[in-house]
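Which chain is which? The protein sequence lines are A and B, in order.
Per my numbering, residue 339 is the first one in the first sequence, and the count goes up by one each step.
Per my numbering, residue 9 is the first one in the second sequence, and the count goes up by one each step.
Since the hints were made in silico from the structure, they are not lab data.
Mixed in with the good hints there might be a few duds.
[To be verified] Covered stretches of chain A, as calculated for chain B (at least 3 residues, CB under 8 angstroms):
{"hint": "1", "segment": "361–373"}
{"hint": "2", "segment": "438–444"}
{"hint": "3", "segment": "499–509"}
{"hint": "4", "segment": "523–534"}
{"hint": "5", "segment": "689–695"}
Backbone N, C-alpha and C define an ideal beta-carbon position, used for all residues, glycine too.
One letter stands for each residue in the lines below.
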Amino acid sequence: MGRAALAPIEFRDHTLANGLRVLFSPHRVAPVVAVLVMYKVGSRDEPPGKTGFAHLFEHMMFQGSANVPRGKHFEYVESNGGVLNGFTSYDCTAYFELLPASKLPLGLWLEADRMRSLQVSQENLDNQRAVVKEERRLSIDNQPYARALERFREIAYDNFANQHSVIGSMEDLDRATLEDVQRFFRTYYAPNNAVLVIVGDYHLRRDWALVRRLFEDIPPQSAPPPVDLAEPDREERREVFHDSLASVPAVAIAWKIPARHTDANDALQIAGEALVGGRASRLYQRLVKQEAVAVSVSGGAEARPAPSLFRLFILHRPDVPPERIEQIVYEEMARLAAEGVSDAELERIRTQLIAQRWSDHLYYGLQSPLGRALALAFATVFDGDPCSVNLELERLLRIESHHVQQAVQQYLNTSRNRTVMTIVPGAQGGVA
Amino acid sequence: MRFPTTPPPDHPMSELHLPLPQEHTLPNRLTLLLIPDSRAPRVELRLIIPTAGRAFDEESMVGLAAATARLMTAGTRRRTSFQIEDEADRYGGALSVSANAETALLQAHCLSRFLPPMLDLIADVLLNPTFPQEEVEIDRANTLQRLRLQRTQPDFLADERLRKALFGTHPYHRLAPDEAALQRWQPEHLQAFHAQHYRPAGATLIAVGDFREKQMASLIEAKLGDWHGEPPDNKLPSPPTEPAEKGEHYVPREGSVQSHLMLGTLVPPRSAPDSLELMLGVNLLGGGTNSRLFRTVREQYGYAYSVGASIDHYRRVGAFITQAQTATENTRDALRQIQHEITQLIEKPVPAQELQATKNYLIGRHMLGWITLGGIADRFVQCVVHRLPLDYWHRYPEMVQSISAEAVQHACASYLLPHRMSVVVVGERIP
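Could you build the full structure based on these sequences and the hints that come with them?
What follows is the structure in structure tokens.
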């Protein structure tokens, strides 16, 4: 493979006196710069009764700080030609701006101001609670399969920290108080619990001085309480879900698998590509083409910094019983465990992994400064070391057929830790 | 040093250098637009087929254009559908064909070192598709299921109803295949549509990425030089300029916990003289998080998580569309607020600061379009589809900067009048 395709991401890694880790990475294809702050907090940190809190808090981060009145964050960024957003996941929360390079000082100042002085009022909290409820209705309650898949995650895991959805429940959202918000900010939004990444067209000496000036005197806090994410072994769990909004039957299957950057997870990433990575994959070919029993197949191995899931979601034809879908899936798992992947298949998967690294997406891949910033932030927050960003591909390219075989045999070709949900269209709503 | 209470001063501005494609025309009248760019070891390809879109379907075969596009990768004289997918993957790439309103678009990318075999694959798909019977049957059954799924999704239902309200019987209203036609078409129908419309004369191939211009031109000529013919001189009927059904339309959806709200009307196409002025007004209304709709409907009142306004461009007309998803009980209030904001645009000139902020937003978004190879390719796809000059994007910042508040108000007052709107509500009950 050409050297250019494998070129590493270059970066500088410094930690400020208050514990804020700062990464600078050059990328000068256009006069733009990405500023990203990732905090080590996600839905996994929410205790029972407070689900949806990390995400509700993400909304509060746009509601004003000492020098940026409510609504002005959006205005500052967009009226200066930038775009912005934030997202909350199970394991982290991130905020970013993609700006014309000349506006880097603005981006850094906005992030510093809210890290040092977020201001929240009861009125803003109530307003954003209403917005988040609409977000929940839009993305979950009013969509076919979405409530089923939220429920699926709850039964696929056994530990509350992993089970509940990022968006949370309406009841818990109603319970969030101003004091909760303030406590959450103190605990998790400290400089020593974050990483700041700057990628694009900057000037290192000049901008490093600016970062120190804006961030270094934000006081650190004691480390947040650790969360137990361990998952017990268990037997298979099954459920039928009647989805009143759906019209096509579906089967969801998941197995609990080890966390990212373990040998087993790496091997299962390759297994995921072989089984459901695109239309040349084994399950797509078998289910959609050869047997013509499924409408679509999606899934693969998650790479959380926690016990993860290998997930499959299959929309199938109404005249085919879900048992037949399951049977084919298990046959393919058994075949992969027995025979592994062929040389030709492995070569195809490896080329795709290299190509995906250069994806065209604004959030993923090396073409976009934001894609680079996110990759560096994930490596730092999830693996504790930004260097892991350049080892990720290597880890996957060294996987051989026998590694796949072994991992599939141990984790997927078994009913242990498996969860199966059949989703039946129409009536009844909720769990059968 | 104390923390500054206002943003620190800007750094000096560096300039954005935009490429201009090198234009070639092959003897078969296929136009090539080539942009060598080595920022990534990858090549992006876009082929625009001018008359193979959904609007060119015959009334009795609505959906055929989309099926033809979709099934071109389902088998050729030399390759099975699996071989096509497998090869594209092996080249670190992807290959698909889809039908838009007027045009069909072949999109492909690959790692640059696999460019010659990728072009061979593209040529095969383009020239020799066979539409195998068994693949047509699989597609038929799955399209039917997908159609069922779409009819459970509020955004699809709203979009489908609004297009009908705007375009009436004009083929621009088509979104999904007709179920009866879907049951009827056979490989020979797909073959005939392909033979008629997928012709090089008038088509444009855009390539952006890590290649040399001369080599690329001769490589394409070697692979596509044997492709011949002209598409039929089919003209679409003139699109309407006024919505076919104004006023409110309700689409019941049982079990909805939200209303999906859409407002729209017809506006001039992108090539019209006042199209940028209108686009500026529409972005000020509902583009991004600093727009009036976001600030009021979402941030002030909490009616919706997602609210926005935009223009869907067709070659000869545009559709102004505003949408929001809101709790059923807030539907009426959200609709009123949206209508109020539109009226404000018509009645009052935009304040200077807000006008400049929106200009900066549009120019900033424009800059972000030039970061990735695919982004660059897509900018020129827009030029080709809407027949804009190739230096359109070079002139864009200046054109945006020169727009006055009066011109924005005039454009909005010309097209966004309340009595010209069609309103669609998808939900549990009439609000």
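Margin query: Which constraints among the numbered hints does this structure fail? Numbers only, ascending.
Written below: 3 and 4
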